[in-house]
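All chains should be modelled from the sequences, with the hints used to inform the complete structure.
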Amino acid sequence: MISGLLASAFERPTTKDFVWSCWFGKAPWCYNFIFFLLTIVFVTFVLLFWFAFRRPKVVPGKFQFIMESGMEFVRQQVVMSMIGPEGLPFLALLATFFFFILLGNILEITPFVMFPLNSRIGFPIVLAVISWVTYNVVGIRRQGFFGYMKLVLFPPGVPRALQPFIALIEFISVILVRPLTLSVRLFANMVAGHFLLAVFFLGSIALFTGFPYILGAVSFAMGTVLIGFELFVAVLQAFIFSVLSASYIAGAMATEH
Amino acid sequence: MVGLAIHLAGFLAATLGTPIGKGLVYGLAAIGPGIGIGILMGKSVEAMARQPEAAGVVRGVMFIGIGLIEALALFGFVLSFIIT
Chain Y
1 MISGLLASAF
11 ERPTTKDFVW
21 SCWFGKAPWC
31 YNFIFFLLTI
41 VFVTFVLLFW
51 FAFRRPKVVP
61 GKFQFIMESG
71 MEFVRQQVVM
81 SMIGPEGLPF
91 LALLATFFFF
101 ILLGNILEIT
111 PFVMFPLNSR
121 IGFPIVLAVI
131 SWVTYNVVGI
141 RRQGFFGYMK
151 LVLFPPGVPR
161 ALQPFIALIE
171 FISVILVRPL
181 TLSVRLFANM
191 VAGHFLLAVF
201 FLGSIALFTG
211 FPYILGAVSF
221 AMGTVLIGFE
231 LFVAVLQAFI
241 FSVLSASYIA
251 GAMATEH
Chain C
1 MVGLAIHLAG
11 FLAATLGTPI
21 GKGLVYGLAA
31 IGPGIGIGIL
41 MGKSVEAMAR
51 QPEAAGVVRG
61 VMFIGIGLIE
71 ALALFGFVLS
81 FIIT
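Just so you know, the protein sequences line up as chains Y and C, in that order.
If you read the first sequence in this note's numbering, its first letter stands for residue 1, the second for the next number, and so on.
If you read the second sequence in this note's numbering, its first letter stands for residue 1, the second for the next number, and so on.
Bear in mind the hints are in silico, worked out from the structure with no lab data behind them.
Careful, some of the hints might be misleading.
A few chain C residues that don't get close to chain Y, going by computed Cβ distances all over 10 Å [claimed, not checked]: (1) G3; (2) L4; (3) L8; (4) A9; (5) L24; (6) I66; (7) E70.
Distance windows between CB atoms, simulated [what the hints assert, rightly or not]: (8) V59(Y) / G34(C): 45 to 53 Å; (9) A14(C) / L88(Y): 50 to 58 Å; (10) C22(Y) / I82(C): 21 to 29 Å; (11) P155(Y) / L8(C): 32 to 40 Å; (12) I6(C) / S69(Y): 53 to 61 Å; (13) I169(Y) / A14(C): 30 to 38 Å; (14) I169(Y) / R59(C): 28 to 36 Å; (15) S69(Y) / M41(C): 22 to 30 Å; (16) V137(Y) / V45(C): 38 to 46 Å.
All C-beta atoms in this analysis are idealised placements derived from N, C-alpha and C, irrespective of residue type, glycine included.
Take a look at the structure:
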């Protein structure tokens with residue numbers, strides 16, 4: 001009887017939780033919950049930067065200080081440590097990656113939203129394609145097409161006999177797999193995080209209605225702890241995406257020695 | 001040994017598409033990255049303990065390494081949903 005009660009109350013989270021119906025408009029091009037979240041992120045992004053840097057002061061106020069330390073973090077930890085001073089033209093792109101992904105991920109633990117924007121594969125794919133185009137264009141501009149291919153396919157210090165295999169592996173890993181891993185890493189992290197939270201909170205609802213109430217409290221406590229963990233994951237994924245983009249750009253800029 | 005491998009392959013083929021198979025896909029995909037992250041974190045802590053002044057650099061590189069390794073396990077996670 002208890003198991004029947006539990007089974008009726010516990011809704012297993014599935015991949016269908018990530019599909020939302022249209023609010024208005026027609027099926028392929030319509031305004032739904034995802035698009036609403038994108039609007040929230042866009043407006044927040046613009047407002048944050050607009051209010052922080054609208055009238056910058058020499059002695060910054062609290063808000064300007066927070067945003068400035070965010071930009072300083074991207075500048076020091078992402079651009080300067082991965083590319084160096086000649087990477088500063090890419091600061092705008094990498095900071096945009098960082099803050100867009102961060103805001104999209106934070107929605108996962110925002111009350112009344114609780115849905116990560118980047119758990120829809122469309123957003124990570126577009127970001128990864130932008131990153132892919134950027135580092136390839138930078139490489140081709142700096143080295144010329146054949147110079148860039150030579151840099152990618154024939155790393156120095158490889159024995160002659162192994163060169164064809166290394167070239168094949170390098171081509172696959174640099175040109176094909178990099179955008180895939182970039183996008184899937186972000187996407188799968190967010191999906192997994194959403195599933196974790198869903199399992200523990202839906203589970204605690206189910207257990208509170210069932211017999212061993214104490215287990216509901218345990219599940220709820222675990223979910224609360226996981227919210228903190230998901231905050232860490234959100235920041236980490238934004239950081240890793242921008243750092244890896246920076247390191248790919250740095251690899252494309254590198255000159256032969 | 002070969003017989004065991006054949007039995008294991010048959011078991012995997014029979015479970016693919018069932019919930020057990022999906023769990024197995026993720027579980028098998030998590031073995032390698034688990035070992036990898038263990039080695040990575042252990043070596044990073046060792047490096048930070050030996051040279052505390054280099055802790056910042058080590059931590060940055062460590063997070064990049066975690067990101068790279070983690071992708072492998074997450075491929076298995078995504079794959080377990082794709083398999084029907």
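Hints versus structure:
| no. | hint | in the structure |
| --- | --- | --- |
| 1 | G3 | holds (33 Å) |
| 2 | L4 | holds (31 Å) |
| 3 | L8 | holds (26 Å) |
| 4 | A9 | holds (26 Å) |
| 5 | L24 | holds (17 Å) |
| 6 | I66 | violated (8 Å) |
| 7 | E70 | violated (7 Å) |
| 8 | V59(Y) / G34(C): 45 to 53 Å | holds (49 Å) |
| 9 | A14(C) / L88(Y): 50 to 58 Å | holds (57 Å) |
| 10 | C22(Y) / I82(C): 21 to 29 Å | holds (25 Å) |
| 11 | P155(Y) / L8(C): 32 to 40 Å | holds (37 Å) |
| 12 | I6(C) / S69(Y): 53 to 61 Å | holds (59 Å) |
| 13 | I169(Y) / A14(C): 30 to 38 Å | holds (34 Å) |
| 14 | I169(Y) / R59(C): 28 to 36 Å | holds (30 Å) |
| 15 | S69(Y) / M41(C): 22 to 30 Å | holds (27 Å) |
| 16 | V137(Y) / V45(C): 38 to 46 Å | holds (39 Å) |
Consistency note: the structure conflicts with the earlier hints numbered 6 and 7.
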